[in-house]
Every structure is written in C-alpha cells, then in structure tokens.
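For reference, the chains in residue letters:
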Amino acid sequence: MWAPLVCVVVILAALPVVAGYIILMERKIMADMQARLGPMRVGPHGLLQPIADTVKLLLKEDIIPEEADKAVFWIAPVISVAAAMLAMAALAIGPWFQVADLNVGLLFIFGISALGIFGIVLGGWSSHSHYSLLGALRSAAQLVSYETAAGMAIVGGLLLAGTLSTREIIQAQSDYGVWFVFAAPVGFFIYVVASIAETNRAPFDLPEAGSELVAGYMTEYSGFRWALYFLAEYTNMIVVASIATTLFLGGWLRPFAGTPAFHFLDYAPPLVMLGISGYCVYRTPKQPMRMQQGFMAGVGLLMLLFAGILAAPLFPGVAAMFPGWKAGMYGAFWFLLKVGLYIYFFMWLRFTFPRYRFDQLMRLGWQFLIPLSIVNVMGIGLALALHRQWGWSHWTAFPLTTILTLAVAGWLGRAGGKTDKERAFVGET
Amino acid sequence: MIPTSHYLFLSLGMFTIGVIGVVTRRNVLLILMSIELMLNAVNINLVAFSRLAGSAEGHVFAIFIMADAAAEAAVGLGILIAFFRNRETLLGDEMDLLKW
Amino acid sequence: MADKRNPFATGAESTVLGADEIVLNMGPQHPSTHGVLRVKLRLDGEKVIGSECVIGYLHRGVEKIAEHRTYQQFAPYVDRMDYVAAVSNGLGYCETVEKLLGVEAPLRARVIRVILTELQRIASHLFWLGTHALDIGALTPLFYCLREREEILKIFEKYCGARLTTHAFRIGGLQYEAYDEFEKEVERFCKSFDKRVDEYESLLTQNRIWMGRTKGIGVLTAKEAIDYGATGPVLRASGVPWDIRKAMPYAAYDLYKFEIPTGQNGDTYDRYLVRLEEMRQSRLICLQAIENIPAGRIMARVGKILRPPPGEVYHSIESPKGELGYYIVSDGTVQPYRVRIRPPSLINLGAFEKMIRGHLLADVVAIIGTLDIVLGEVDR
Amino acid sequence: MLDQVTFYFFATLALVSAVLVVTRRNVVHSAIFLITALLATAGIFLQLHAEFLFIVQVILYAGGIMVLFLFVLMLVNVDASMHRPQFNRQWGLGLLLALALGAELTLAIAAGRSGLPLGDPASAKMLEPSTQVVGKVLFGEYVVPFEMASILLLVAMIGAVVMAKKKV
Numbered sequence: 001m002w003a004p005l006v007c008v009v010v011i012l013a014a015l016p017v018v019a020g021y022i023i024l025m026e027r028k029i030m031a032d033m034q035a036r037l038g039p040m041r042v043g044p045h046g047l048l049q050p051i052a053d054t055v056k057l058l059l060k061e062d063i064i065p066e067e068a069d070k071a072v073f074w075i076a077p078v079i080s081v082a083a084a085m086l087a088m089a090a091l092a093i094g095p096w097f098q099v100a101d102l103n104v105g106l107l108f109i110f111g112i113s114a115l116g117i118f119g120i121v122l123g124g125w126s127s128h129s130h131y132s133l134l135g136a137l138r139s140a141a142q143l144v145s146y147e148t149a150a151g152m153a154i155v156g157g158l159l160l161a162g163t164l165s166t167r168e169i170i171q172a173q174s175d176y177g178v179w180f181v182f183a184a185p186v187g188f189f190i191y192v193v194a195s196i197a198e199t200n201r202a203p204f205d206l207p208e209a210g211s212e213l214v215a216g217y218m219t220e221y222s223g224f225r226w227a228l229y230f231l232a233e234y235t236n237m238i239v240v241a242s243i244a245t246t247l248f249l250g251g252w253l254r255p256f257a258g259t260p261a262f263h264f265l266d267y268a269p270p271l272v273m274l275g276i277s278g279y280c281v282y283r284t285p286k287q288p289m290r291m292q293q294g295f296m297a298g299v300g301l302l303m304l305l306f307a308g309i310l311a312a313p314l315f316p317g318v319a320a321m322f323p324g325w326k327a328g329m330y331g332a333f334w335f336l337l338k339v340g341l342y343i344y345f346f347m348w349l350r351f352t353f354p355r356y357r358f359d360q361l362m363r364l365g366w367q368f369l370i371p372l373s374i375v376n377v378m379g380i381g382l383a384l385a386l387h388r389q390w391g392w393s394h395w396t397a398f399p400l401t402t403i404l405t406l407a408v409a410g411w412l413g414r415a416g417g418k419t420d421k422e423r424a425f426v427g428e429t
Numbered sequence: 001m002i003p004t005s006h007y008l009f010l011s012l013g014m015f016t017i018g019v020i021g022v023v024t025r026r027n028v029l030l031i032l033m034s035i036e037l038m039l040n041a042v043n044i045n046l047v048a049f050s051r052l053a054g055s056a057e058g059h060v061f062a063i064f065i066m067a068d069a070a071a072e073a074a075v076g077l078g079i080l081i082a083f084f085r086n087r088e089t090l091l092g093d094e095m096d097l098l099k100w
Numbered sequence: 001m002a003d004k005r006n007p008f009a010t011g012a013e014s015t016v017l018g019a020d021e022i023v024l025n026m027g028p029q030h031p032s033t034h035g036v037l038r039v040k041l042r043l044d045g046e047k048v049i050g051s052e053c054v055i056g057y058l059h060r061g062v063e064k065i066a067e068h069r070t071y072q073q074f075a076p077y078v079d080r081m082d083y084v085a086a087v088s089n090g091l092g093y094c095e096t097v098e099k100l101l102g103v104e105a106p107l108r109a110r111v112i113r114v115i116l117t118e119l120q121r122i123a124s125h126l127f128w129l130g131t132h133a134l135d136i137g138a139l140t141p142l143f144y145c146l147r148e149r150e151e152i153l154k155i156f157e158k159y160c161g162a163r164l165t166t167h168a169f170r171i172g173g174l175q176y177e178a179y180d181e182f183e184k185e186v187e188r189f190c191k192s193f194d195k196r197v198d199e200y201e202s203l204l205t206q207n208r209i210w211m212g213r214t215k216g217i218g219v220l221t222a223k224e225a226i227d228y229g230a231t232g233p234v235l236r237a238s239g240v241p242w243d244i245r246k247a248m249p250y251a252a253y254d255l256y257k258f259e260i261p262t263g264q265n266g267d268t269y270d271r272y273l274v275r276l277e278e279m280r281q282s283r284l285i286c287l288q289a290i291e292n293i294p295a296g297r298i299m300a301r302v303g304k305i306l307r308p309p310p311g312e313v314y315h316s317i318e319s320p321k322g323e324l325g326y327y328i329v330s331d332g333t334v335q336p337y338r339v340r341i342r343p344p345s346l347i348n349l350g351a352f353e354k355m356i357r358g359h360l361l362a363d364v365v366a367i368i369g370t371l372d373i374v375l376g377e378v379d380r
Numbered sequence: 001m002l003d004q005v006t007f008y009f010f011a012t013l014a015l016v017s018a019v020l021v022v023t024r025r026n027v028v029h030s031a032i033f034l035i036t037a038l039l040a041t042a043g044i045f046l047q048l049h050a051e052f053l054f055i056v057q058v059i060l061y062a063g064g065i066m067v068l069f070l071f072v073l074m075l076v077n078v079d080a081s082m083h084r085p086q087f088n089r090q091w092g093l094g095l096l097l098a099l100a101l102g103a104e105l106t107l108a109i110a111a112g113r114s115g116l117p118l119g120d121p122a123s124a125k126m127l128e129p130s131t132q133v134v135g136k137v138l139f140g141e142y143v144v145p146f147e148m149a150s151i152l153l154l155v156a157m158i159g160a161v162v163m164a165k166k167k168v
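Protein chains in written order, with the working numbering: chain A, 1 to 429; chain B, 1 to 100; chain C, 1 to 380; chain D, 1 to 168.
If we strip away everything but chain A, and leave its shape as in the complex, we get (with noise of 0.2 Å):
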C-alpha cells in the first residue's frame, strides 16, 4: 500500500535535483569535448552549481508581456511539467520501484508525455510573439510526425514482447535470452532518431533553435517558468530514455543475465560507485580551498558510502536479512546506467551535428522514418509468423528481416537524395 507512495514521492523530491545535476553533466561533457573547463565556480569543480542555478532562477524577476494571455502564459509550463512527472509513474525502475503496473504501461508512459507538447503550443501561442508563435508551430508539426515514428517503433517491440506492461516487456526480454535492440535493431534506430526529435534536442531542435527562432515557444520566459520548460524537457529526455531502456535495452536486466560466465558482473554496481569514491578522495587535496576540499571528501565519502550499501547483499548472511534488496537495487542501479547512457548519447549528438532545417525535418521524418517504421512492423511481423508458423529459429528468421529492412532503409534513403536535388532551392524567387 505505502510503496507506490513513497515512489511518487521520491520521484517528485527527486527529479528537479536530478534534472538539474543532468544539465551540469551536459555542461561537463559539453566543455569536455570543446576543449574547456566547464562550471568550476559553484563547489568543487562546479557541483553545486546547479542548486545555485535554481536559486538564481526562482529568486529573477517573473516577467509576463504585456499583451500575453495571462491565465494560459501561466499555466503552460506547468502543463509541460505535469505531463511529463505523470508519465513516469508507470516507469519501473528495478523491480522494486514502480508507482503502478498499469496493463497498458508502455503506451502510458508514452500518451501521457506526448501531453507535454499542450505546454509548448499554448506556451508559444500565448506570449503574443512571432518567434514563439513559430517556435510553437515548428514544435506541434514536428511532434506530431516523429510521434507517429516513434510510435510505430513501439509497435515493433511491443510485438515481440506480446504485452504492454512494462514489468512483463522486461520478463519476455529475459525469457528471449536477448534485449530487443538485438532481436529488432532497426526499431531501436527509429526510436532513437524520432525520440531525440520528441525531446526538441539537437539536431532537431528547431523549436528552440537559438540562432534562428531566439529562443522559440519560450522567448518570452524568464525566471521559474522558464526553468519549469527546463525541468520538462529534460524530465522528457528521462522518460524517452526510460522506455527505450525497457523496450529495447532489457531495463533492468543485467548484461548477459542468462551467461553463468559473466556473472562477476554483478560485482560491478559497488565497484563502480567505489571507483568515482575514489576519484573523488583522489581530487581531494587538489581543490583550490578548504571548503572545497571538505566538500569533495563529503562526495567521496557518500560514494563509499553507497558503494557499502550496494556491496550488502553480496555477503549471503545480510542478503538473508533482507531478501529482494539485491534485486531491487541491482535493477536500479543497471537500469539508471542504461538511461545514463542514452541520454549521453543525446549530448553527444547535439555537440557533434549541426541543426536540421524544417522541411528537412519533415522530409527525413515523413519520408524516411514513418515508410521504414511500417516496413519494420511488418518484419518483425513476418520474423514472428516464421518463427511461430513453420518453425524457423531466431537465429534466421530475425537477421533475415532485418537485412531486408535495411535494405528497404537504403533504398529509402537513396530515393530521398533524389527528391532532395529535384526541390533544391536553386533561384526559385
């Protein structure tokens, strides 16, 4: 009865902080791979910068323009917000931490999201202003398509899984033996590409495209609303990453659970957070001042910390007192990294592509993405009937498809270059 309060909970306390550390990381991986330092001010090595952000944020002046619709300039944002808290409560986090199962989870997590695009088209519409106007416009068109996408992707893992309950997608990626990116790699791609389109980042985030829209559906924002579409969307890079990670990267699932020869891995959820205490201990004596250097030791500190906390349940004599915790906190902690990683993918894309342009966007999406996502669903589909039908092994009937899939992908894309040069631009006045 308590556990899926304490979940809301813990996700409602939870989230602002950890959206907030995300865009610290942002910020680090982003200077790292620009040849820079990155926040260093704010604690050591900038880690609190983030809660002096927040401060700064709440404490600006709220401005509303003068002709903006007040009632829905206010309410926007938070729409974006409630949208996108709402979807996580059908996420399962490790077997233990989940708000509800609901029997139609993934679609949930992934409808109710969807929700958060009422915040941007009726934060754009109104400020009252052509760039959010526009910002607004390119957002609603640009969801909408990649949505259809995305969803199709779904559609593909959904069919191998049977089901659309997060916990028991999870259960049939463990009974297969594979994670569904193997089994349905093209999927796993479209999602990608159309989930980063969802999230309006770069490259194709066109709604907020700083060098040509200013700042897009939230010009006119400043102060906490503005950080409230912050807290949105990197909420939404949370959820996107989520359902990738419980449809095609086994959530929480361990590398090779089923390989009695890997399982050292499971000693590496307290080895790792062993690993960053003891980097931190290493940084200490190097910080600059004494504060800092106290604060750093407190970092490691905790690290250990938690690296002890995970390390209980490998003694059998505590896992005995507390049967499941393994479980439930290996699963988290795998599942976390895995959504780590996608959302580091993110950055990394947005640091190394320029930005598409609309009708670009739109080309790639409705002429590529939608086209291949159907030809997708009828592969796995006919990937299944094989397997189910006459009997052919996975190991034939999955690679099969998937070679004929790319192959239409290919083709695809072959036959957009060609509409790309028949509609260039070239002196049409």
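Heads up, some of the hints might be wrong.
Capping the alpha-carbon separation at 30 Å, the derived lysine-lysine pairs in DSS-like fashion look like this [unchecked claim]: (1) C:Lys154 with A:Lys28; (2) D:Lys165 with C:Lys40; (3) C:Lys154 with A:Lys286; (4) C:Lys215 with D:Lys165; (5) C:Lys257 with C:Lys195; (6) C:Lys257 with C:Lys304; (7) C:Lys47 with C:Lys215; (8) C:Lys257 with C:Lys99; (9) C:Lys354 with C:Lys223; (10) A:Lys28 with C:Lys195; (11) C:Lys257 with C:Lys154; (12) C:Lys184 with C:Lys195; (13) C:Lys223 with C:Lys184; (14) C:Lys191 with A:Lys70; (15) C:Lys354 with D:Lys165; (16) C:Lys158 with C:Lys99; (17) C:Lys99 with C:Lys64; (18) C:Lys191 with C:Lys257; (19) C:Lys223 with C:Lys40; (20) C:Lys154 with C:Lys195; (21) C:Lys304 with C:Lys99; (22) D:Lys165 with C:Lys47; (23) A:Lys70 with A:Lys56; (24) C:Lys191 with C:Lys158.
Think of the hints as simulated: they come from the structure by calculation, not from any bench.
Here the structure of chain A is known, so what remains is to put chains B, C and D in place on it, guided by the hints.
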C-alpha cells in the same frame, strides 16, 4: 458501485451541452469542438454499457467512433483552412455564399 | 484582419495564414545577426519572399572623424571598423597614406606586415567558421576555432601589446621590432595548424546535415557576384579567381607563392570550402615569409608631422572579407580633407536580398553567416 | 468508496469543462477546456476499467486531434472573431430545442431505468485483461469494419491535404 444510469446522465449532460454549442455558437471552430464533445458523450455511453454487459464490443465501437472523430476533425479543419484563406472569417453565419 | 498596409504589423494584426505574408523583424538584437544588423523579412509561412537590411545601428562616423584628426591620429580608428581583422584594416590605411606621401616601407617591415596580416586572415576566418557553424547549429567547432585564434591573438599581444584592436603598423613601417621568439612562435603555430583545419573538416565537410544546410543555399553566379560588386571569398566561391594580393600585389605579396582557391557553384558550401582553403594558403604564406625575414630598418624616413602633398589616392587590399579600399583626399594640411572607406562587408551585404529570396527562415542565418559581415565595418 | 470519488470527480470536471467549452469567448480557452473534458472522460474510462480505451483517448483525442485543433487555431486569426458577437441570431430557439432534447433523453433514461437492469454493472473481472479482450474482438469479429475505418481515415487524410493545400 456506481449505477450505470449515472454514466448515462453524465453522457446525456455532455451531449446536450455539445448540442447547445453546435446550435448557438457562430465560430466554426467551436462548432467542431462541440461535435467532438457530442462524440465523446456517446463514447461514455458505449463504454458504460459495455461494462454493464461485460463484453468488449462497446470498447470496439468507441474505437471506431474515435477514428471517425479523427477523420471528421481532419476534414473539418481542412475545409476551415480553405475557407479562412478565401474569406478571412471563422464565423459560421457569414458562410452565406450559397444563400439567395 | 491582417493589415497589409502596415509593414510593422505584429502578432495582433497579422496571422500566419490569413495574410499573404507576415513581417518578421530579425534584429537589431538577435543572437545570430552578428552584431546589430536588422533584417526585415517578409515571410510566406517560413519562406522568405523579401527582405530588407536596415543598417546604421553601429554608425560612429569614422569617415567624418578622419577629417578632424591628423593622419597618425586616425590610424587607431580604422582598427575599430572590422574589429575581428584589425591588422588588415591598419595595413590598408597605412599603405594608402604611404602611397599618398610617396614613401615605401622598408622590406623588413613589409614582410612582417605580411606575416601579421596573414595571421589575422586566419584568425578572422576562424572566427567566421566558428560563428557560422554555431548559427547552423553545430556547437563544437566554435570552441576549436577560438582555441586556435587564441594562439594568434597571443602572438599579436606579444608583438604590440593588444589582442583585438592592435594598431600594429605605423605610417611608414612598424613601430615595434619583432620580438625574439616571433619566428619560432609563428612557425610553431603554422606547423600545427594544418592538422587543426583537417579537424574542422572532419566535423563538417562530409556531414550530411551540414551539406544539406549549405549546399544550394544562397547561390550567387559569377556574373551576379560581379554585378553586386562582391569581393573576397564571396566572389571567389562563384568561380572568379580575383584576389588583390595577386592582381595588384601590395606589401610583399609578390615574393610568395600561393594559390587562389575558387568554387564552382557559388553557394554557401563553396564559400565554406574556399575560406578553409584560404586558411591553408595563408599558413603557407606565413611559413614562406618567416623562413627569410630580411634584416634592416623597420621604419621609412617619414617626418613626425605628416603633410602629404595635395592630391588624392585610392588603394585597396585584400582583407579577409574582400576588397578593403581607402580613398584619401589631401589638401596639404596635417589632416585629410576627406577619407572614404570601401568596406567589403557592406558591399557583400548588398547581395543578401538576392541570395535569400525563396529560401526558408532558417537559411537567413546561414546566409548572413556565409557573407561574413562585421557590423562595425558595415556601419563604420 | 475510492471508485465513487473518482467517478464524481471526473464527471464534475467533464461537465464543468464542457460548459466552459461552449461559453468561452476565446477559442483557445475553449480548446483548453475541451482538452480537460476529454482527459476527464479518459479518467472515467479508467474508472470503468477500460485501460486501453483510456490510453487511446489520451493519445488519439488529446494528443492527436486537439493538437490539430490548436495548430489550426494558431494559423487563423483568433483575435478578430473575439470582438464579434459570439452567439448567432437564433441562439434562443436553439437553446430551447437543445434543452428540450436533453429533457426528452432524461425522461427516456428515467423510463428505461425501471425496464432495463441499469442498476448494477457486471464485475470488472469479465473484461480482464481488457487490452487482450478488446484486441481479440476488434481483430476477430469486427475486422471488416476495422479495415473500413482505416479506409475512411485514408480518405479523410487525402481530403484534408487536398483542401488545405494552397494552390491546387
């Protein structure tokens, strides 16, 4: 346990409000939205009856109605855009070219 | 109802669909207009059907100021025009006044001038590449470019004490002798720089998104480019091998071998390639020049007070942006009677209207970027 | 108990939002309240243990159709029609007739309540697991109507594209 008749009254209320919207408002967009309300009211009815009978056929029909609503919205808004482009108005009673 | 008569109509009056067009005002405060350029765009949906550049937000009356300063006093002002290529501006001005006076700087001074000017060209192109890529949405090249530009600026700082508005040259030559490590540092930079350009290319040149965003965008044919008076990389990318360093050599450019890179299509992508190749060529010029810096004086014999004979002179150099020309009329006093500056950015900006028409809103920033304008120079 | 609270909460929300939909002056506000009404209906579906329908309502109605509505709202000029009379000339008569229809339907339900077993719904167990049951019925008995619906959607899509295109 909520008696099925309560669902029927809810559905009736929404349907009536939708009808009121359709017959009294001038804005075509609002008329379209009111039609959505009416379709929605019907869906509540279908699902409630489905629950009463313990069969899933009401759900199936509700899905058909949603598909229909999507088609109606797409075509309706398409017509609206074409009309607005020509006449720059959204008011239904100004759509009187065919009146004599 | 959309009010079509009012070109400044904002949200309240105009709609995306109702009106045939909406007017979007980009700038003067806009993240990607590279300064205070204001562009009024007439949009049909997202398609640009007309544009108008409004300039003058950074007008400081440089030409008028010149009439009230002595020749030497005016020299620092030209650094403030194209502030990302101050050395080139100074070179143009000093050479023009020297031509007016009928003196020539000593060879040593001219060679050092070439080295510094070519370094400045690399720095200017680096800054262009970084901001251009940023406009198109690639965040990372900017920081790589600034990293290399920093090394050039350090050389400037060591040479003359300033990084941006250097005022490196004097009329008649140089004020400062090259510092001890000058050749070594320039050589070290040039040796490492080739790989750096390859690095930028690996990020952008074959990138499909980059190609999609730049190929076929803002096309200028050779004839159009000449008709608009475009110069510099904008002209060369259209296939016209016109470079004043070759056509009318100044300073010591006749001593060095280099090539004029040209493009074929005259689109944004070609201009990008041309500028990248120009950076490589500039590097080669620098390497040739530091190999043999002749000994000797660095200052010609000019008096403390300059009184050029009455007359007029026009002299132009190839600045990173294009042909930078100075036209100076002297009435025989210590102050010029009139100075007229031909800023390449302004003339190139004239082609903007032609280049943008029919493209999309997102291409506006790409085309402003590819013209490589500096508003300090456009407005003067 | 929780069941009843849920139902009456969502029912009230749906009805109040529905009233606001037809009375607001600003169409965008109407659209927002319509979204609320649709989501409240989705909540009622959930309360009726129709999970699949709940999520279809959220994705398709709220996430699809209403985004389309808002998209069009942004394209057209909302402000212009805001300062005009909102109700047409025969609104009095229309209201009367609509209310008469409502009263008639109320009577019908009241009359039918005694004849039909409208009181107690069947147990939710009969529809468990609802998604599978719906899927089996949809693709078993009703597969032909399903295909027809897909053709209807295709036709609607083509029609909408053709009509909204600028130059034919």
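Could you work out which earlier hints the structure fails to respect and list their numbers in ascending sequence? When the structure is compared with the hints, numbers 6, 13 and 14 turn out to be violated.
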